[in-house]
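S.K.: Since chain A is already given, all that's left is putting chain B on it; use the hints.
As they're listed, the protein sequences go chains A and B. Per our numbering, residue 199 is the first one in the first sequence, and the count goes up by one each step. Per our numbering, residue 199 is the first one in the second sequence, and the count goes up by one each step.
No lab work stands behind these hints: they were computed from the structure. Each hint should be verified, as a subset may be incorrect.
Identical chains blur together in the list; that is why a pair holds if it fits in one copy or across any two.
[Claimed, not checked] Straight line, CA to CA, 30 Å or less: simulated BS3-like cross-link-like pairs of lysine-lysine: (1) Lys520 - Lys505; (2) Lys636 - Lys231; (3) Lys496 - Lys231; (4) Lys636 - Lys520; (5) Lys231 - Lys520; (6) Lys636 - Lys496; (7) Lys505 - Lys231; (8) Lys520 - Lys496.
Protein chains: 2
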Amino acid sequence: MNGNAHPLRARRLRLLTQDEAIVLMRTDAHVCKSEGLGPRARVLVRAGAREVIATLYQIENAWLLAGEVGLSEAAWRRLGLNAGDVVEVQNAPTVESLADVRRRIYGGRLDARAFGAIITDIVAGRYADIHLATFVAACSASPLDLEEITHLTGTMADAGDRLSWDTPVVSDKHCVGGLPGNRTTPIVVAIAASCGLIMPKTSSRAITSPSGTADAMETLAPIDLDVTAMRRVVEAEGACIAWGGAMRLSPADDVLIRVERALEIDTEGQLIASVLSKKIAAGATHVVLDLPVGPTAKVRTDLAADKLTAHISAVAASFGLKTRVLRTDGAQPVGRGIGPALEARDVLAVLQGEPQAPQELRARALAIAAAVLEMAAAAPEGRGAALAEETLASGRAWVKFQRICAAQGGMREPPVAPLTRPLAAAHSGILTHINNRKLSRLAKLAGAPDDKAAGVELLARLGDYVTAGAPVVIVHAETPGELDYALAFAAANMDMFEIEV
Amino acid sequence: MNGNAHPLRARRLRLLTQDEAIVLMRTDAHVCKSEGLGPRARVLVRAGAREVIATLYQIENAWLLAGEVGLSEAAWRRLGLNAGDVVEVQNAPTVESLADVRRRIYGGRLDARAFGAIITDIVAGRYADIHLATFVAACSASPLDLEEITHLTGTMADAGDRLSWDTPVVSDKHCVGGLPGNRTTPIVVAIAASCGLIMPKTSSRAITSPSGTADAMETLAPIDLDVTAMRRVVEAEGACIAWGGAMRLSPADDVLIRVERALEIDTEGQLIASVLSKKIAAGATHVVLDLPVGPTAKVRTDLAADKLTAHISAVAASFGLKTRVLRTDGAQPVGRGIGPALEARDVLAVLQGEPQAPQELRARALAIAAAVLEMAAAAPEGRGAALAEETLASGRAWVKFQRICAAQGGMREPPVAPLTRPLAAAHSGILTHINNRKLSRLAKLAGAPDDKAAGVELLARLGDYVTAGAPVVIVHAETPGELDYALAFAAANMDMFEIEV
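This is chain A alone, in the form it adopts within the complex (with noise of 0.2 Å):
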């Protein structure tokens, strides 16, 4: 007996703590006295040779015995436990790489080897919110250089699983900064694959917002692909939507985004990593990056865009992976619908060529596309505009898309709210703007992203007229519960859509 390793058995709290891991014990567990551990202690977990460092809060209720540990999802999972397990708790080692983190706040610059220390660590869950805090914090507050920016994205991308395709050229393309309802990727990916492209397209979940590219091609197909099933469905059509969470790309770049968003601050160096880690682990060759330009969106001036697009292409090149900017309108939500089922048959109708097809979200899909086809020389520059365009009018495109969806496990409908409110205009007038924060507020209140039907359907664009008890939006929700609360939070917030008389 060593003095450090104290068994318990190991209970399953169903404690959802996204990807924390949280431990309860009571005060009078041995292993508190003899360890000194108190509320808040950073502790090691050991359950055979698996191991992962928690934070202990304790407990002084009947929920555990003093032999007991209780463990949030996210620490039962990465132990691998199963009921009644046997697991050894300790005093956490001090986490050696947060020295580099504290002389990086000191002023000092961090090279391959610092970075490499500090992802490994914050991948394998060493590093507390504190911690995860001071590391944002110390790469913002003296902004990272390139060369720093460049060993960030090399660390990352190498932190996690990284493809390869035995082909000269990989297409892929991401949208910089959320603007709602802005789902081209499903349409670029179509024509793409239909012009001969290799695209394995892999999309994220919503976080934040009603929802992610992922939400809303699962409306229309299975993405919960794992590496082999996507090799399968690119081997087969060259193309796939699937969803990146399934394969542990760049997965450092999960942990920052949360502490990043939570704390509001979203440098360019750590953007620009957390974009290209993704991409390089991927094993694209070719990225087009659509840049919303705005005053609601993430970038907001031509010089600061000016000024990205520079710097990312710059650390995209030390990667071999080239990269072209397209900026794109900012202003206003992209397609008609906000919600996962809502976005997907936008999608549709564009693709289906429907006449009432959103036009902007067509108009943007194709300009995207142009750039990956001339990126791939699939088209000479200047020409792949009208090459996107043919392949898109002609159906080749959606023909492709169906095929695609077949192969990632069988084409689906969208679900349909059996709940809608339409929410009029106040009075007549031009709608000069949209508070997008607020619209995606509304459309989480009404369900979305979970209620997959659920979200809100936007009628009205800036610049257009609207009359006085006209509907603007409709509000589509699942249950009548969600319903009440979606439009309880827009009678009070009309506001989100500005009507100049």
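M.R.: Only chain B this time, still in chain A's reference frame:
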């Protein structure tokens, strides 16, 4: 119904989280759906007029009903709840002062208004750990200038209770940075009060160390005095040695210190604001700062000590607070005992003039007392040492100490540990180095500070010749289990004593 308030029955979880407000709800709780709340969301919990901002975790077991919200002790206390009370939960409003924190991260300077807003939010519990860590990092990346340190100190002092004493000279002392067993305070206070000084001393309990001054003093007399009791004691005896935690002096400091410790970030600006805000809030006018300098102490070089001394004096002066900094040897533990009762016995030995009393503790206490007496003009410059020595040697300090203890509620005998075990030197030679960190850990494993009698008794000092097999330290414990753990740790860590042959 405004779509924002959701009544739930409050459940007391007896969940210990230090000062962190945490609430648990089931994922199927209506409010989680309607407010779009997920794990780690920041929520506002309101009970009548009281409110607290908490971090939400979700749980999917039978511990809670869908209509209930479970609260950590910190949240329960702040809301002043009773079993079964109804509370309302909703999304937390954005914390405006975080914009100031971000501004500083990006290189901006903060004024009194900004620090005031930040400290107010911190004391109100509106900052999550990641926010606190970001603030600490923001104040470290580009160091606080003197003006900022002054603003921070002032706002921290204003954020809690303020004591005032209607006398022109109120003496105080403080030791910067822990040194095990450095219990000069009770001796200094007794000497100062014997010489007619007013010294309403508040001390803290151990947070990470084996014993704080308050823990040691508590084995000799009650220390849990409220402001009224404290005034009564000071009016009667001119001084007291009370636990500061019973008052709310600079409460922001307690929150920030925890995060700084966890991050091992301890910048000069934060140190100065921490120390001075407490002294200003306590109503002190003349403060002697004991500044241990040494390789393992908080301040490691004379250069650093010079800078700290200059800045601390400048900031103190702007609040009309006079300071004198005494540099002391930070190389080794000060007393013989480490642990509440053992340290109290050292104090008694010095006060009672026992020949075997630890001489370096006596010498340090006299040096600090001399400075306190000179600052208060109780002795001319250069004559404080003689007066302190005479006051201690004559036994007057010992009499005064007993009177103070009696006034605080009655003097008592420090407890004696039922179990002791000597640890022998592995070989003979000169004791050249002691690892204070490991020695403190040993005392904590033995049970200190919770077990008042537990700890470590140090028999040899640096430079002493120790003989193989002869005891170097004696471990004191109250339970066999803790003795075992301490001995197991010691067996694996005898390198905490470096003995040169």
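S.K.: The structure should be examined with respect to each hint, and the outcome stated for every one.
M.R.: For each hint, the structure was consulted:
no.: 1; hint: Lys520 - Lys505; result: within (17 Å within a copy, 51 Å between copies)
no.: 2; hint: Lys636 - Lys231; result: between (50 Å within a copy, 17 Å between copies)
no.: 3; hint: Lys496 - Lys231; result: between (49 Å within a copy, 27 Å between copies)
no.: 4; hint: Lys636 - Lys520; result: neither (36 Å within a copy, 54 Å between copies)
no.: 5; hint: Lys231 - Lys520; result: neither (57 Å within a copy, 42 Å between copies)
no.: 6; hint: Lys636 - Lys496; result: within (16 Å within a copy, 49 Å between copies)
no.: 7; hint: Lys505 - Lys231; result: neither (55 Å within a copy, 40 Å between copies)
no.: 8; hint: Lys520 - Lys496; result: within (23 Å within a copy, 50 Å between copies)
When held up to the earlier numbered hints, the structure conflicts with 4, 5 and 7 and fits the remainder.
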